[in-house]
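Student: So the chains spell out like this:
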Amino acid sequence: MVNYVVETRGLTKVYSNGVEALKGIDIRIREGEIHTLLGRNGAGKTTFIRIIATQLMPTSGEAYVYGYDVVKEADRIRSKVAVVPQESKTYNFTTPWHEVYLAARIWGYGRVEARKKVEEVLKRLELWEHRNKLCIQLSGGLRQRTLLARALVTDAELLILDEPTIGVDPVGRRRIWEFIREIRDLGKTIILTTHYMDEAEEISDRVTIIDSGKIVAEGTIEELLSIVRNGIKIYVYGDDVGEKLGNWSPRNVDGRWIINVSNEEELIEAIRDALSYGYRATIKPPDLEDVFINLVGEMYEE
Amino acid sequence: MRSSLRRILAYAHYSIIPMIKQPMQIITLVGYIFLPMIFMAIFLRDTGAIHGLIGVLVNSAVLSGVFTSQDYVYNRIYFRLQDFLVSSPMKSWEYVAGVTLSTYIIMTPSLALSLVVLYYFHVISSVISLLITLIILLVGGIGFSFLGYLIGTLTNNPTTVNGLSNILVLVLGFLAPVYYPMDLIPPNYRAYTLILPSTPIPELLRQIYHISETCFNIWILGILVIIWNILFIGLSIKVAYWREK
Chain C
1 MVNYVVETRG LTKVYSNGVE ALKGIDIRIR EGEIHTLLGR NGAGKTTFIR
51 IIATQLMPTS GEAYVYGYDV VKEADRIRSK VAVVPQESKT YNFTTPWHEV
101 YLAARIWGYG RVEARKKVEE VLKRLELWEH RNKLCIQLSG GLRQRTLLAR
151 ALVTDAELLI LDEPTIGVDP VGRRRIWEFI REIRDLGKTI ILTTHYMDEA
201 EEISDRVTII DSGKIVAEGT IEELLSIVRN GIKIYVYGDD VGEKLGNWSP
251 RNVDGRWIIN VSNEEELIEA IRDALSYGYR ATIKPPDLED VFINLVGEMY
301 EE
Chain Y
1 MRSSLRRILA YAHYSIIPMI KQPMQIITLV GYIFLPMIFM AIFLRDTGAI
51 HGLIGVLVNS AVLSGVFTSQ DYVYNRIYFR LQDFLVSSPM KSWEYVAGVT
101 LSTYIIMTPS LALSLVVLYY FHVISSVISL LITLIILLVG GIGFSFLGYL
151 IGTLTNNPTT VNGLSNILVL VLGFLAPVYY PMDLIPPNYR AYTLILPSTP
201 IPELLRQIYH ISETCFNIWI LGILVIIWNI LFIGLSIKVA YWREK
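Same order as they appear, the protein sequences are chains C and Y.
Numbering-wise, our numbering puts 183 at position 183 of the first sequence, and it's gapless, one number per residue.
Numbering-wise, our numbering puts 95 at position 95 of the second sequence, and it's gapless, one number per residue.
The hints are simulated quantities; they were obtained by calculation from the structure and are not laboratory data.
Heads up, a few of these hints could be off.
To be verified - Not the full set, but computed from the structure, chain Y residues with beta-carbon under 10 Å of chain C:
#1 His-13
#2 Ser-15
#3 Met-19
#4 Gln-82
#5 Leu-85
#6 Ser-88
#7 Met-90
#8 Trp-93
#9 Tyr-119
#10 Val-127
#11 Ile-128
#12 Leu-130
#13 Arg-190
#14 Ala-240
#15 Glu-244
#16 Lys-245
In this text the structure is predicted, and so the values were computed from the model without any measurement.
Even for Gly, the Cβ is constructed at its ideal location relative to N, Cα and C.
Working from the sequences, and respecting the hints, build out all of it.
Tutor: Right, here's the structure in full:
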């Protein structure tokens, strides 16, 4: 039997300035999975997770976390959830130790137990050697990891991470992905938001694509990729591609030309054409970005 | 109750770490609060020093509450710490208590120093006198801490809150008769200064220490302090929010 950690029905949020951030969200998030909310900036991801994290009141609809109503039973939810809010920061003049120790104490650990927990989590996230450094001296990746540690030390069953890798360099992002997977393997449920396609594809068990306050698609990566199963892309590099390969309707995106083909025959033919003009061509299998563009429209790519 | 106390202490401890890591900040803060008192001592000798020390007491224990508004705004807007805390077992009142406690801890050096010097001058001459002083400061401090919370809730811009709290403390703590006695104000204008929420507290202390020459009734001053407290607390409860609407 599948246990759902989060369930919402017809969830809406209209802000006081009239902005309709959520337009009837129905979602079910399973226990023990990494569930990613993918969408553009302003799509409604943060509004959604702020509601389920009991930081924001919904306008209408229902939302339950571990079966508790987010409006009426927020206190019960708060002991089971830990959050890394979007663009949250550590204080400059605290240390990773103090940041994480605060969370351990707030979640009710006694001094001795809190120290043990902090040590364990800092070691797990490879922050132990940095524990006494001022946060201002840490790299963006280490600071972000500190915030992750602050959420992890709580032993909360559900971790909500809002854009956890924003502003982190590529190597740092990969380390954070590894940690998120490790946390999932400890039996936690993780909900994260991102607008990075590669991040969603790399670490998610399931993905929900949100756009303009509505759910556009939901499923595993495989299920989502099946939407564009035949959408093979060929990248062509060179001058006058638009003119010479005009019969393939290439699109210029960021200085490179993209040709979409739907089967092997077309693929071979298009590549043969491109090579005949001396162009360089590479093939890319469909990915989440293609799914996203297919569902949400070309605007994102442009 | 025990877990509430734990959370309050944990937050207060966390919140003072940046000050402990920058001890020069505490020295600057103490110097800033004592500066008007030093000028009072230069120009008015012992009497000026005593009045100035009362100003130090009130500024340290009471008006510092206004500066907590900066904590609330920065924690909510810049650090996003409030979002983290809202989704935790911490209650809003525990958070306010933690912020207030941390401010008191930071102000302890100037508070203790001024109490010791007032004792040395025999202004605070008994344990009862000391207790009454602490109770007045505590009651006043609670009210102003709620004022800080109120400002912090109503302000969404860190730049605005910095300016606002500094101007408020300048008016309420330095221009108003806090460091200097109300006797220095022309008699016809003295009653008007009581409109300011910071004025009744030092005047009450001066009346208790028998160093005021004004004829305000001690009970009226006490009632004024309580009225301001009720106003600040009431407004905070009505306006402030923990979970965003």
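Student: Now look at each hint and say whether the structure bears it out.
Tutor: Going through the hints against the structure:
1. Taking 10 Å as the C-beta cut-off, the interface hint given for His-13(Y) holds, the closest approach to chain C being about 8 Å.
2. For Ser-15(Y), the interface hint holds, the least distance from its beta-carbon to any beta-carbon of chain C being 9 Å, beneath 10 Å.
3. Checking Met-19(Y) against chain C: minimum C-beta separation of about 8 Å stays under 10 Å; hint holds.
4. For the restraint placing Gln-82(Y) at the interface with chain C, the shortest Cβ-Cβ distance is roughly 8 Å, inside the 10 Å limit, so the hint holds.
5. Interface restraint check for Leu-85(Y): the shortest CB-CB distance to chain C comes to about 7 Å, inside 10 Å, so the restraint holds.
6. Interface hint at Ser-88(Y): satisfied, since its Cβ lies 5 Å from the closest Cβ of chain C, which is below the 10 Å cut-off.
7. A cut of 10 Å between beta carbons decides the hint on Met-90(Y): the least distance to chain C is about 5 Å, and the hint holds.
8. The interface hint given for Trp-93(Y) is broken, as the beta carbon of that residue sits about 13 Å from the closest beta carbon of chain C, more than 10 Å.
9. Proximity of Tyr-119(Y) to chain C is violated relative to the hint, the smallest CB-CB distance being about 34 Å (cut-off 10 Å).
10. At its closest, the beta carbon of Val-127(Y) sits 33 Å from a beta carbon of chain C; the interface hint therefore is violated under the 10 Å criterion.
11. Using the Cβ-Cβ criterion of 10 Å, the hint placing Ile-128(Y) at the interface with chain C is not satisfied: the shortest such distance is roughly 37 Å.
12. A cut of 10 Å between beta carbons decides the hint on Leu-130(Y): the least distance to chain C is about 32 Å, and the hint is violated.
13. Taking 10 Å as the C-beta cut-off, the interface hint given for Arg-190(Y) is violated, the closest approach to chain C being about 44 Å.
14. Annotation: Ala-240(Y) was flagged as interfacial toward chain C, and the flag is violated, the nearest CB pair being 15 Å apart, outside 10 Å.
15. At a threshold of 10 Å, the smallest CB-CB gap from Glu-244(Y) to chain C is about 5 Å, leaving the interface hint in force.
16. Hint status for Lys-245(Y): holds, given a least beta-carbon distance of 5 Å to chain C, under 10 Å.
Of the numbered hints given earlier, the model fails hints 8, 9, 10, 11, 12, 13, 14; all others are met.
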